[in-house]
Amino acid sequence: MILESGFGGDPALRLAGQHSAPERIAEARLHLGYFKDWQAGVINLQLEGPAARFYLQALQPEVLQVLDVQNRLLQELPLADLNLRQLQSSLNQLALSDEHRLYVSLAEGHAQQPALGVGHAMLGAKVAIQSNRSADLGWASPQPAWKRFVQQTSKLLLFDFGRSLDGQSIADELRSRGGRSLALTVPAFLIGTILALFAALLAANRLGKLDRGLSAICAFCMAITSLAWVLFLRFVFAAKLEWFPIAGWQSPYSVHLVLPILIWALLFFFPSFLLYRSIFLGQKAQDHYCAARARGLTGWRLLLNHMALPASASILSQLVLVLPFLVVGSLLLERIFVIPGLGSYIVNAAISGDAPILRSTTFLISLLYLASQWLGDWVSAAADPRTRAEVQHD
Amino acid sequence: MLALLLIVAVAAHPELPQNDQELAQTARFALAQEAFSWDPLASDGTGNQVIQRQVYEGLFEYLPQAAPIATQPLLAESWQIQGGGLEWTIKLRQDAYFFDPIDPPIWPNRRHQLNADDLIFSWLRMADGRNPGTGFWAMQGLFAGIDEFHRATTPGAKPRPKPGGDTGSQTDPEQVWQEALRNGIEGLRKIDPFTIKLRLKHPDSKLMVRLASPYFVIYPQEAVQRSGAEFLNQPVGSGPYRYAGWIPKHQAVLESTPDWRGQNHPDGSSLPQISKIVFTTVLDDSTRALQFEKGEIDRITPTQASFDSLIKNDQPADTLKKRGVQLVKVPPAGLSMVAFNMDDADLGWIPGDFDGNLRRKHLRQAIALAFPYQRWHTVLRNGTWAQPALSFLPLGLPETPELPNCAYNQTDIPRAKEYLIRAGFPDGNGAPLLRYELAGTDPIDQASGEIFQEAMRQLGIKVEIVPNTWGELRAKMNRREAQVFGRAWTMDWADAVNLLALFYGPNQSPNINRSNFQHEKYDQLFEQLTFANTKDRIGVVREMLEVLNEELPAIPVDHRIGYLLVQPWLKGVSIHPFDPYACKFYRLER
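Residue numbers (our numbering), protein chains in the order written: chain F, 1 to 394; chain Y, 395 to 984.
No lab work stands behind these hints: they were computed from the structure.
It is possible that part of the hints are untrue.
Claimed, not checked - Taking lysine-lysine pairs in the DSBU-like style, the calculated list, with each CA pair at most 35 Å apart, reads:
no.: 1; chain 1: F; residue 1: Lys240; chain 2: Y; residue 2: Lys715
no.: 2; chain 1: Y; residue 1: Lys715; chain 2: Y; residue 2: Lys670
no.: 3; chain 1: Y; residue 1: Lys716; chain 2: F; residue 2: Lys240
no.: 4; chain 1: Y; residue 1: Lys716; chain 2: Y; residue 2: Lys670
no.: 5; chain 1: Y; residue 1: Lys670; chain 2: F; residue 2: Lys240
no.: 6; chain 1: F; residue 1: Lys240; chain 2: Y; residue 2: Lys965
no.: 7; chain 1: Y; residue 1: Lys485; chain 2: Y; residue 2: Lys584
no.: 8; chain 1: Y; residue 1: Lys723; chain 2: F; residue 2: Lys240
What the hints assert, rightly or not - With the C-beta cut set under 8 Å, the calculated list includes, among others, these residues of chain Y facing chain F:
no.: 9; residue: Thr548
no.: 10; residue: Ile641
no.: 11; residue: His644
no.: 12; residue: Gln645
no.: 13; residue: Val672
no.: 14; residue: Thr681
no.: 15; residue: Glu690
no.: 16; residue: Ala739
no.: 17; residue: Pro745
no.: 18; residue: Arg874
Stated by the list, open to error - Derived coverage of chain Y by chain F (criterion: at least 3 residues anywhere in the stretch with Cβ under 8 Å from a Cβ of chain F; other residues may be distant):
no.: 19; segment: 426-439
no.: 20; segment: 618-629
All C-beta atoms in this analysis are idealised placements derived from N, C-alpha and C, irrespective of residue type, glycine included.
The shape of chain Y in the complex, shown without the other chains (with noise of 0.2 Å):
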């Protein structure tokens, strides 16, 4: 058998078959994610959007440098905001054309330039409530008239109605469709050929922050028409990188466009550098790490499984280290948090009892006192890969330097049992059976319901561990049924509100706000930092951070920092929080 493989092994050499011309020029990233879907209605999960990134654009792009956050315009040319900030008017740049990499081709020589109605008809789709997209909370309030054409093309749905009143006449979702895609709706119209107006319902100054996320991105009706259900495996998009090949939830190919209108890096030169990249989803931990290893692919993010083996003394392994590969570090854009049920009688808020309230209260502010976050530290991120967190909001951003810290989130045990007596359970005595849901089957995740599980022993609070399927978790929080969660959150654009929206109460279960938090306050704060023209911004954060901080609907734990390890190969990697691969800023030198 043996000798079998060696004869093999000789005929087989890895090194042999590859083209060195085409290899040099080539990227190759494992991905940790499955990406399934090129449709841009499916943008939501992290390997989808990777690959979506390098096919089609936005109005406006992520600078490339990881901070400050700030943006570029992308497929917007110019535009001019006025109204008070309400209207927004802008041109898109002419020399943007969509290429077709499928055969037969939509247009004779593979290209069409981009305009407004392809713009109009992106937006509307991700929009339509007959489809299931997952981007439409990112544009829910934002322009007039979008939250009502969501619902007039949701089938069956009707206006709203008043008290007491019928709800009135059915309105046909296909016939909403077709005029919102002639005239527009209120908020987005077509001015001419290539220039949009957008009417927002309020100013928002992270506007084209938001714009930049992947929710916003365009390509054309015709591909849509032309694949119908197969528009998923069929990407046609305006971008540096065009369709190669695809192995669904395995493989994406991409290719530099041909004939790409050409952008300029900040250094001058032009850009895509890299003609090929290679994109595969690799679950498995190990394999992963030992592909970079051997310099199979071109970077990667240790996770906890390959952190210790990859990383020593926040440096590279000295093997990698000899080898000249770089380290390179994320800034935190999110929030890892042990968050409670709001609606739980043991631990929630029930609206009129103030007294138990106030127990419950203190209830969580002792769990959140007696919670071990060093060991959280050591154990769940190997000591290093995140940031104490301060409060709800990562440090980069432009408020949080500003902002009230959480008193409660520092392990400190004398007095989590001062708030115990508070709460009505001295020692322990009489506290209810907390039930921490787990979030998977791996050992970190049993490990992180241990964790809790010790720490709230010392409190004499008895914890049941109980195991889910991410599947599991997720079915609970959207009956409201799941008690006590580990919950993470990465921002998709760098402002505050994307995070103060997991705490609004209209954005309860299933919604985002899975703690299903309703409070007056926050709630009417909120809403004067995204649907009113506040001037104090930072004030209204600094009120809604205090609300977050006394009354804890989640336990704010850390925010995770992104380890990047990249071949000695591969430069120009800065990597940016909300847009983790831009490919096109990259370059090998093999």
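Only chain F is shown next, with the shape it has when bound in the complex (with noise of 0.2 Å):
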């Protein structure tokens, strides 16, 4: 509802195009389901008199306004109590000038209805009233807010996403840009974790220059912008070397995977390993860890057991925690390395303010979100029997 009230515009203005005229702003609002009915040309206005030109707005539905062409406020007609025989009569009798007059007439049947509805129909429109011109209005019976939002919840209830603003299928589109969003994410995720998992664990254990030096490299590689990395390792490993392509997203796709994929892990490793390290630190002040050492434990075994398993809990609901954003894929890369993933189709939808786009995308992230919060949920009670006991207790 937030999306379609106006965020990034008028979401009919946005629908209905840089050349759109008054009718089509009204057939976007019908598109877009603000409108149960709309019919165009109820009211015909013909300016009389020498040349000249009036606008008429309407901010709200409620009151439509007359402006002369300075956009001076000349009269207000509220509309919620007329129907349109009686707006006609007051169209007729409108001062706008001296030597001005409107004539407006009718379309037949439409007396009775209410004005409103041509207020309604004129929302996010000024319809130019010129000399010699003939302008019309339309009428239109709006959509409540509240049964709009049942019809559009409903369909993303039943994974109906429908189509973006430029006629796409939004389901085809997720499906394929999720796909290749993951190809580009997943496997960065592995190799930086991995890494970032083995690194804080050699830290940790042994302390002293490997520990600082890795530390110290990681906060101050993260105070580096991402987007500074991005350039400069594309610049050295694809422009200078010529190891990789600079760009693209066609087979074989490893080819073009590789370099970003490496990025994101890079870039993932840098936080990963201060996280980790501070957990498995927390380990080896644990009782358990000092009395394993006390009866002489050493080496992996120690590491493993004492340090790394007790701490797998806290380091995989961290974990499940990141896997929507694996999905959503990576917005700089995608758009840097050209990968049709789904990061810079939310980011466009965004700029464009394409709202079926963006209500399903948020849609979506929010069930992946609460999935990952239960699969995290789930993976440390199982492997920590204590959660679950601590679960269970409360």
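Make one complex out of these two single chains by using the hints.
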């Protein structure tokens, strides 16, 4: 509802397009479900008198405003309690100027309809009334906001995403683009996570120079913006060394995916290392770790059984929260490396105000987020029986 | 990490998997705009136009040479003009076939002969009031009965009433549509399966160039019926290329149409010569530039951000030059301007207010005289890729040499101050605060606002820079609320009318007259030029330009010159201002 209510501009104006006439805007509202019914040309206006121009507009459906050419308000006609016949006589008596008179005619069979429909049909449009030119006003009956919301939500619940403003099937786009985003993010996520876990385990175990050095490097690298990393690494490995293509998405896809995957993995490595290191250090301060060491355990057995395994619940619950973002892809990498994934799809939709796409993707991401949280709880419980006991105890 | 990178890089070297034979016959182009639809109803965006032009054909096409601008028949075989230029009888060629690349195909052998019914269907579909056809304006007022057809098919529309009377009975759009499909309309009739008769509302000496625009292409009704809402993904055309793959807003793959009827290049060779074309949308400037430098794409139009790295001293940069990269320049075919909203009480024209109108005209003239054309050229055009505008029409048009220049579009601060005094604002005292509306959020847009702001400061006029996305500015223009804004118009066909229509009164916002200019004499002259058989065409255009040059509903700033860099292996590229990717004339010599 928020998206439809004007986020990024009036969706009907965006849908109607650059050369939109009042009829087009009304058609767009009909298409978007704002109107139950719409008819063009219910009222016809003709201005008699010397060359001049006036405007009609409805900033709210309840009031019709009459403006002069300087956009000065001449008169306001309340529409709330009128029918079209009464509106016709109000318009006929309208004092535009001494020299100008308005001739207003009404299409057959509409006399008793509420005049408020004209206000609804004109919303967002400004109708010019010019000497010797005819202008038409339409009539619309609006769809209540709650009904529109229910209609749209019920469609979403049935996974009927409809079509974007440029006419493409959103479900088809989500399927194909989601797959491409996953092809980029899943390998990158796995590489980044495994490397970060391994490095964090080593650093937390040995501390000293390795730990300080890696922590400092990661903190420094995180301070550099992702865009700079992407451009720099592409410049070095694709432009200068020519190990990879600059950009593109065509068969064989792996060739075009390698560099963005490695960059994503690298950028994911920095914060992940610092996070896992702190989790492992937390485990190192625990009694069970000290006891294991006191019993003389060393090496990988100590690390895996008494540092990594007890930390697995926290790590897994962190990791599953990343899952929705894997589907959404990476806006930056997709744009720079020209990969037609979901990241670029969502951002372009936000820029162009494509409410149907934004509505569908918001819904989908929310679902994924809920699912990942549920998965996180489940994984934590499975990995650490104490968590399960706590949950049951609570 | 670095070691891993090295291993993977060696394993996945880009040169390895490409099939050399296929690569040698594949042209790869990067579009700076998204192509999202194959439906000719959405043919107003450059991205869509480029891909659609490879698949669909019209009656005429532009000759591949950029100049002089001329047409040659494409689907038209012959034509006769009668009735003082009002009646055109056009015979269609009988060897033109549609090719259906979609499975399952509509026709058993995928091919179907193109005929007059297809033409009537395609053109009327653009004019159907129920469709959001973006090109109807190109045929509006052209054929007899087309406007009436549009109105009758607009849902809920009624015939025009008489003053004071009722508006008459409603028409059923579907009935009107079916009737028009069967019998045509007054200005568009089938004579026999391969002959149509056009009846124009007024003679149009530029009809052939207009018909060569992408709004008049022909496609089969069966394809639209078969695909329904998916027609935007399933094109069926008669052109030299057929659809072979498609990721909306990202990539279009085309292959040469099997058993195409063939066409000879002006040099005698057979067309098309390239068997596969891949268009990819690459929105990022630096990526396109790098791809071109590395040979991943075959041509590039440098934009403001990448121009200096690719072009040096009006030549390709040294590294590119050594590789044999060619520079092709495209003659200007449009106008960049700073537009004023003539509805605006501080800058515009108010009926009956003679003194005020004169003062506001002087204010617009003062602004035009203070505008920093040179700085604009240096900052926004890299000092190169635009030609200063002498008036409102680009130099390439046949009428232009005989037309008057604008006296106000050159920086002259003392004169600007004089005009400001005439406007009643000596040294800017009492001058209104101007709002310069930006058309985007990137640094180039911001720079354009700052340049205007600084220039007006010299006159003592304060300017507020209003940030907008393009969508926001468009909505403001529709509502006639934008006061001063930059605007660029690329002509759709080589005719002064195409630019002059931008200031025709009935075309006011939300139509293409974004300045909301209304001038009785100008409108009459425009109607004389387009709707009447005027013999003194140049005389009429001259008078119209005199009005524009004096009234200044916009400041004509410059005409952008297209710079195009072409890889040494891509031959036959002569860029046409109205058909920037005439791929069937290209050939690859890798």
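Each hint, compared with the structure:
1. F:Lys240 <-> Y:Lys715: Holds - the C-alpha atoms of lysine 715 of chain Y and lysine 240 of chain F are around 19 Å apart, at most 35 Å.
2. Y:Lys715 <-> Y:Lys670: holds, 27 Å
3. Y:Lys716 <-> F:Lys240: Since the Cα atoms of lysine 716 of chain Y and lysine 240 of chain F sit roughly 18 Å apart, the hinted pair holds (cutoff 35 Å).
4. Y:Lys716 <-> Y:Lys670: holds, 27 Å
5. Y:Lys670 <-> F:Lys240: holds, 29 Å
6. F:Lys240 <-> Y:Lys965: holds, 28 Å
7. Y:Lys485 <-> Y:Lys584: holds, 10 Å
8. Y:Lys723 <-> F:Lys240: With Cα atoms ~29 Å apart, lysine 723 of chain Y and lysine 240 of chain F stay inside 35 Å; holds.
9. Thr548: holds, 6 Å
10. Ile641: For isoleucine 641 of chain Y, the interface hint holds, since the closest Cβ of chain F sits about 5 Å away, which is under 8 Å.
11. His644: OK, holds: histidine 644 of chain Y within 8 Å of chain F, min 4 Å.
12. Gln645: holds, 7 Å
13. Val672: The hint holds - valine 672 of chain Y has a Cβ within 8 Å of chain F, the shortest such distance being about 7 Å.
14. Thr681: holds, 5 Å
15. Glu690: Interface hint status for glutamate 690 of chain Y: holds (6 Å vs cutoff 8 Å).
16. Ala739: holds, 4 Å
17. Pro745: holds, 5 Å
18. Arg874: Arginine 874 of chain Y check passes; min Cβ-Cβ to chain F is 6 Å, inside 8 Å.
19. 426-439: It holds, with 6 qualifying residues against the three required.
20. 618-629: holds (count 4)
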